[in-house]
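Participant: Residue strings, one per chain:
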Amino acid sequence: MTASTPSASHHDLALIVAANRRVDVVMASVGILILMIATAMLAAVFIDLVASGWARLVNPDFYINFPSRHPEEAGIISAMVGTSLVMLTTAVIAIPLGVAAGLYLEEYAPKNWLTDLIEINVSNLAGVPSIIYGLLALGLFVYGFDLGETVLTAGLTLALLILPVIIVATREAVRSIPQDLREAAYGLGADKWQAVRLYVLPAARPGILTGIIVGLARAIGEAAPVITIGALTFIAFLPPAPLQAEPPFINFDWLTSPFTVMPIQMFNWVSRPQAEFHINAAATGVVLMVMTLAMNALAIYIRLRLRRQQR
Amino acid sequence: MNPVNSLPSRDLDPRRFQGASEEFLRRRALWNQLAAYLLFFAAAASVLVTVGIVYVLIRDSLPFFQQVSLGEFLTDTQWTPVFENARFGVMTLVSATLTVAGIALAVAIPAGLGLAIYLSEYAHPKVRETVKPLLELLEGVPTVVYGFFALLFVTPLLQIFLPGLSGFNLLAPGLVMGIMILPYTASVSEDAMRSVPMGLREAGYALGYSRFRVASRVVIPAGLSGITAAFILGMSRAVGETMVVAIAAGQNPNFGFNPLEGAATITAYIVQMAMGDLPHGSLAYQSVFAAGLALFVITLVFNLIGFYLRRRFREVY
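Chains as they are written, first to last, in the numbering used here: chain H, 1 to 311; chain D, 1 to 317.
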């Protein structure tokens, strides 16, 4: 090509290309460097926790003991049980509510101001700091509705906290279902609710499941709202068991029991000046991290499987 | 006004269901209506949550503002609610919050932008598929764990280089928070950059730009509103973060922007009070809600600006 710009000789072009390539190599390396630092941080956090907490992690008593004034004897059984019970409550409340809301917003909502209000609302709630949910619970649930500092209050609070996560995940999952499926359902004689319940919802299940898992993983690690409602940090007993020997075989006393959860136990231990308690805190942190990383990894795996299926 | 569209009367048309009784169709229509309304109420519940939050924050801090003037609340530089001569200057807490958030953003903005540029302009799609889950894992670590890390690993490490650093300080939690919100700012920025049409980039390449030049001169200006949204939303997260600062920054409210000393942020104060004995209705109890109200207003402003910007960048393309 003859040069239409008189100054563009072959040598000049080569210089420009070489300079561009140098800049690109540098910038790509910067990007990779940032990535490596972030990964190194994650690894550093995990390794630091495992190394600090090793003494208690390998001691089986840690998992079955109650908290104690003596750091070598303190364990996380009450925290683990509390976490499980609170998570159960959270799931039972948040999943139906969140999935229903997501289905409404995607399948039923007309394009009017009310729908816009609800959508803005959900986005806003996603950005509200978690401790504000704690204040909501303190003012409204603990004192207003007089539910007290119980498992039920904590479950309700955390359910509200992760509600936006589940709603958004449900919406994305339902949105990605092709319209053909619904048309096929209508063609077979389904009405709207049958189409949603029997065709759309099952198809959206993996996506919704991903959202639920991510939401619950987040709820497990949240300490701030639960502290605010008054979860106690020195619980040397377990809430009453849900199953019992006499009829009716299930009781709900555990819902109204005081409790503690793992992130709070960790916070309590790390706030003590004695270094021995920090070992316990580190060990609790490892348990927490393993749980949340496993749940997040599961969610990512489900999402990848889903993407592969859709291809 | 009907919140539910496409009600089943259209679907349950007798012409489609030949031979079905009136009774059957009417019953099905009723079930459909019930289902639709139930779903609507579930969605409307989210509005109730917001109403609840605003109601509780205002109701429980109103008595506070009857005793402490708004002027004093906003301008006093001491926050000593439990002392004999109680002072209630929320700026004390806000200064600490802003300092930590500022440090976090100083880490998260360059790193997030750099990472976003790398992921959207340079990285092989396979790399991106591996990196994004990794960032999600980073985001999923519980914040108490980051707090522990900041207090017992980062602070001693920094003290090697900065001997004047006290045990509780704002620098360590700020840095850790920066890495904590990095995945969020990186992914929102990257979404903004990826939504810029390929044509614009190709125009840059046709002019002989390097990838970096395309990224900085074409893509970033084009996606600017989305990128700004990412940082504002990141700021909102940093302001609202509780456990990292409660553990590593100490619980001593002191006014100032010195990152080498510990100071209580709004969130740390609320947690500290909640852990102690809070007689319902006392001034200390109300001060918690007043502080919470201040926090809510700050994050609300950031969130609204951020969402508005995000919507704008989605509409343009």
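Mixed in with the good hints, there may be bad ones.
[Claimed, not checked] Computed, partial: chain D to chain H, Cβ under 10 Å:
| id | residue |
| --- | --- |
| 1 | Ala42 |
| 2 | Thr50 |
| 3 | Tyr209 |
| 4 | Arg217 |
Source of the hints: derived by calculation from the structure; they are not laboratory data.
Ideal Cβ positions, reconstructed from N, Cα and C, are used throughout, including at glycine.
Participant: It remains to establish, for every hint, whether it holds in the given structure.
Facilitator: Status of the hints after comparison with the structure:
The criterion of a C-beta within 10 Å of any C-beta in chain H is met by D/Ala42, whose closest approach is roughly 4 Å, and the hint holds. Nearest Cβ of chain H to the Cβ of D/Thr50: about 5 Å, under the 10 Å cut. The hint holds. At its closest, the beta carbon of D/Tyr209 sits 7 Å from a beta carbon of chain H; the interface hint therefore holds under the 10 Å criterion. The closest approach between the C-beta of D/Arg217 and any C-beta of chain H is roughly 12 Å, which is over the 10 Å cut-off, so the hint fails.
In this structure, only the earlier hint numbered 4 is contradicted, and the remaining ones agree with it.
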